[in-house]
Amino acid sequence: MIYLELLFKFFRIGLFTIGGGYAMLPLMQHEIEINNWITSQEFVDIIAIAEMTPGPIAINAATFIGYRVGGVLGSVVATTAVVLPSLLIILLLSRILARYQEHAFVRSLFAGIRPVVAGLIISAAWFIIAAVFAPALSENGAALPVDYASIGIAALAFLLVAKYRFDPVKIIIMAGIAGMVIF
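If you count the sequence shown from 1, position 53 lands on 53 in our numbering, and the numbers rise without skipping.
FYI, nobody ran anything at the bench for these hints, they're computed from the structure. Computed from a predicted structure; not experimentally measured. Cβ coordinates follow ideal geometry from the N, Cα and C atoms, glycine included. Among the hints, erroneous ones may be present.
Across the chosen pairs, the derived CB separations fall in these ranges [as the list claims (entries may be wrong)]:
no., residue 1, residue 2, range
1, Glu102, Val161, 30 to 38 Å
2, Ile96, Gly152, 48 to 56 Å
3, Gly20, Phe183, 15 to 23 Å
4, Ala104, Pro56, 30 to 38 Å
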């Protein structure tokens with residue numbers, strides 16, 4: 001039954017991901033690929049939509065994937081399943097962490113986990129970059145040209161945010177307008 005599969009898979013994603021939504025994306029990508037739920041391009045589109053909609057990206061992505069796989073009930077199951085481990089864990093650990101947060105073991109534990117979180121986020125970024133900028137294949141298998149307009153929009157967005165601390169919401173709106181004009 002697809003709903004139990006969604007429940008199990010997204011619960012596992014929520015349980016074993018530390019570092020927030022972006023760190024969950026590689027695990028989601030892995031699940032959609034091995035289960036053949038959606039295509040890689042659809043996943044990239046879901047990430048783009050999830051990024052633009054209010055709320056955490058992983059929860060939004062789980063909702064979209066669940067809907068795509070199992071309709072409204074699938075979206076409810078996937079969303080609940082991805083959130084449930086965090087809720088349960090934080091309820092159990094909040095008192096313990098508050099009491100022992102300065103303990104050397106706890107500090108060492110988190111010092112070891114932080115680089116993994118960075119690696120997972122970089123992995124998600126790499127997947128998105130490859131899916132957006134790598135030459136796609138046409139129906140007959142020939143490579144299509146690199147989309148330099150998309151590369152330019154991404155580079156400009158990165159520069160505006162990283163160097164000039166420009167408002168990301170304004171950048172998304174401007175990129176959408178640019179996309180309507182260019183594409």
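Results for each hint:
With their beta carbons about 34 Å apart, glutamate 102 and valine 161 fall inside the hinted range of 30 to 38 Å. A hinted range of 48 to 56 Å holds for the C-beta pair isoleucine 96 and glycine 152, which are about 49 Å apart. The hinted window of 15 to 23 Å between glycine 20 and phenylalanine 183 is violated, with their beta carbons roughly 31 Å apart. Roughly 31 Å separates the CB atoms of alanine 104 and proline 56, a value that falls within the hinted 30 to 38 Å.
Hint 3 alone, counting from the list given before, is not met by this structure.
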